[in-house]
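Protein sequences, first through last, are from chains Z and Y. Numbering-wise, the first sequence is residues 1 to 316 according to UniProt numbering. Numbering-wise, the second sequence is residues 1 to 306 according to UniProt numbering.
These aren't lab readings, by the way, just hints derived from the structure by calculation. Even for Gly, the Cβ is constructed at its ideal location relative to N, Cα and C. Honestly, I wouldn't trust all of these hints.
Quick list of in silico lysine-lysine cross-link-like pairs, DSS-like style, CA-CA up to 27 Å [to be verified]:
| no. | chain 1 | residue 1 | chain 2 | residue 2 |
| --- | --- | --- | --- | --- |
| 1 | Z | K192 | Z | K116 |
| 2 | Y | K249 | Z | K161 |
| 3 | Y | K51 | Z | K124 |
| 4 | Z | K161 | Y | K60 |
| 5 | Z | K215 | Z | K198 |
| 6 | Y | K71 | Z | K174 |
| 7 | Z | K192 | Z | K122 |
| 8 | Z | K192 | Z | K124 |
| 9 | Z | K192 | Y | K71 |
| 10 | Y | K60 | Z | K198 |
| 11 | Y | K249 | Z | K216 |
| 12 | Y | K71 | Z | K116 |
| 13 | Y | K18 | Z | K198 |
| 14 | Z | K192 | Z | K216 |
To list a few chain Y residues with every Cβ distance to chain Z over 10 Å, as calculated [stated by the list, open to error]:
| no. | residue |
| --- | --- |
| 15 | H19 |
| 16 | M49 |
| 17 | S50 |
| 18 | S64 |
| 19 | A187 |
| 20 | N191 |
| 21 | R229 |
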Amino acid sequence: MRSRKSWFLALALTSVLALSACGNNGGNNSANGGNAGASSAPTETNSGAELSGSILASGSTALQPLVEQVAEKFMEQHAGLDIQVQGGGSGTGLTQVAEKQVDIGNSDVFAEEKLKDADAEKAKALVDHQVAVVAIAAVTNPAAGVDNLTKQQLVDIFTGKVTNWKEVGGADQKIQIINRPASSGTRATFEKFALGTKTEDLPGSIQEDSSGTVKKIVAETPGAIGYLALSYLDETVKTLKYDSVDPSVDNVISGKYPVWAYEHMYTNGEPTETVKAFLDYFLTDEVQNGDVTELGYIPASKMQVSRDVAGNVTNK
Amino acid sequence: MIVQNNKIAQNHKSRIEKHHIEDFIGRSYMSFCVLLLIVAIISMVYFVMSKGVSTFVVDKVSISDFFFGTKWSPEGNNPSFGALPFIAGSFITTLLAALIASPLSICAALFMTEIVPGWGKKLLQPVIELLSGIPSVVYGFVGLSVIVPFLRDVFPGQGIGVAAGSIVLSVMILPTITSVAVDALSALPQNLKESSFALGATRWQTISGVIIPTTLPAILTGVVLGMARAFGEALAVQMVIGNAPFIPKSLFESASTLTSVITLGMGNTTMGSPQNNSLWSMALVLMLMTFLFVFIVRLLEKRRAI
Chain Z
1 MRSRKSWFLA LALTSVLALS ACGNNGGNNS ANGGNAGASS APTETNSGAE LSGSILASGS
61 TALQPLVEQV AEKFMEQHAG LDIQVQGGGS GTGLTQVAEK QVDIGNSDVF AEEKLKDADA
121 EKAKALVDHQ VAVVAIAAVT NPAAGVDNLT KQQLVDIFTG KVTNWKEVGG ADQKIQIINR
181 PASSGTRATF EKFALGTKTE DLPGSIQEDS SGTVKKIVAE TPGAIGYLAL SYLDETVKTL
241 KYDSVDPSVD NVISGKYPVW AYEHMYTNGE PTETVKAFLD YFLTDEVQNG DVTELGYIPA
301 SKMQVSRDVA GNVTNK
Chain Y
1 MIVQNNKIAQ NHKSRIEKHH IEDFIGRSYM SFCVLLLIVA IISMVYFVMS KGVSTFVVDK
61 VSISDFFFGT KWSPEGNNPS FGALPFIAGS FITTLLAALI ASPLSICAAL FMTEIVPGWG
121 KKLLQPVIEL LSGIPSVVYG FVGLSVIVPF LRDVFPGQGI GVAAGSIVLS VMILPTITSV
181 AVDALSALPQ NLKESSFALG ATRWQTISGV IIPTTLPAIL TGVVLGMARA FGEALAVQMV
241 IGNAPFIPKS LFESASTLTS VITLGMGNTT MGSPQNNSLW SMALVLMLMT FLFVFIVRLL
301 EKRRAI
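Okay, chain Z solo, but in the shape it has when bound:
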């Protein structure tokens, strides 16, 4: 009886302590950012001494699997280090890193594209680390009967000017658009580099957030058209050429295929030594040619072209 009561009390006390500890942690995090990394910095030397502390990353769900896998490997090499990776979306990642709630904010788009107007100042404080490239291809239901679309044909389809596949050389079938939500990074990339214009949502169009669901619907719905990252493509959907260019990894690397975007990992100001070591690890050949390719991304280090916020492409 006695022991049960004390258990109860202990439980109550621990929960109170845990709660207050949570509060403290949150406060510290938001006030000092990557403090853990900074405070441990003096004991380290640059010659690969043991790293310790904790890193918190959040944001893009498209980038999450890669960051998680690389973090696992990095933690195996540095036992004292704790890296946590959360999803939540690019907007969440950028908000949290701008408010110093996390050390790294993962995003599918440039911070300047999300943090606009009143928030533009916040974007200036962020430092961009591009770790991978994701290419996006237009896909259709295999019965649509087309295997190549020009930029103009795509624009006509996604703005509702063309509503039947026979108008672009396919089967006599109504076109069903499977879109991403207006705020999605994948949609922003597709509109910016494949269509060159923003589109409005059309009545009757379908919006889905997850790539798996988009693929399932495109594969099953007659006349459907959508767009997917290269890593999701398989034979259940028809992958279209864009202006006669095949969306292959080689064409993306050489700059021939234009519909791609960087995967960004933002830090607020220059990263602390621990965070920098983690971000540098992403750019090693081990990760770029290993995990990045394995998970269907394109290594940023291999790209023969580079692109800035405004979309200007230059040869490296």
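Given chain Z, work out where chain Y should sit, using these hints.
The following block gives chain Y in isolation, referenced to the frame of chain Z:
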């Protein structure tokens, strides 16, 4: 004598103290929990309120544009924040789901309590309870794999739309309505039915003339609770409804609900941007609707007491 008295007094004193301590610990722990709960609820309501109101205060979107505007394009050069399509979508799917699920649930409850109380209840009860334990993503996937292709083959359109959303929702709210109806029906006084049978009424006459009218307020409570669940359900509906920001012209056309728009947009927008604020305004509408549902349930309960 004095020593003994002292001892008794001491014993007595220590017993009272122990009792008081236990009492004190129990009471303070309980008060702490209650306080935490109250603080959590108040801060949540305050958070959603302050965020939701900033669309109108900070971003200067007019309230009538938000509630009656039909054009939703927050990313455009001339952004407009008309949320009517989503409010309409939420109400249409919820009402349809309640219309489909209520007769089924009430029949299931009658089957379990009046028609075959023995094995009928033993068979149906676990099945209905199982339904409420299935995660909503599974409902969404089943909807996408079974209901959508079926609707696409039988009706015009792509299968994805209001009808698919309502059907998925109706299965999800079945357990809620059924369990409330079963409770109400089994709580009915036995002599009410016996008197009806004694007057020569058949079972069907008893059910339709005595049992249903008497338990109607309780059954309606179940229906409203089911509607509250349907109104707030996000993931399963989002997968099958299509999410086009327009008021649908037919049941087989893509439409959106408040919850589906919030879940699609929340992670992709940055905190404090007008688009993010407008999503919080929709969350506020959802919260106010939940309050309304609770209020209706309270009213119905009052009627049941009489």
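Now the hints, each set against the structure:
no.	hint	result
1	K192(Z) x K116(Z)	17 Å, holds
2	K249(Y) x K161(Z)	20 Å, holds
3	K51(Y) x K124(Z)	25 Å, holds
4	K161(Z) x K60(Y)	34 Å, violated
5	K215(Z) x K198(Z)	22 Å, holds
6	K71(Y) x K174(Z)	25 Å, holds
7	K192(Z) x K122(Z)	23 Å, holds
8	K192(Z) x K124(Z)	22 Å, holds
9	K192(Z) x K71(Y)	23 Å, holds
10	K60(Y) x K198(Z)	24 Å, holds
11	K249(Y) x K216(Z)	25 Å, holds
12	K71(Y) x K116(Z)	22 Å, holds
13	K18(Y) x K198(Z)	73 Å, violated
14	K192(Z) x K216(Z)	25 Å, holds
15	H19	13 Å, holds
16	M49	20 Å, holds
17	S50	17 Å, holds
18	S64	22 Å, holds
19	A187	35 Å, holds
20	N191	46 Å, holds
21	R229	22 Å, holds
Going through the hint list in order, the structure does not satisfy hints 4 and 13.
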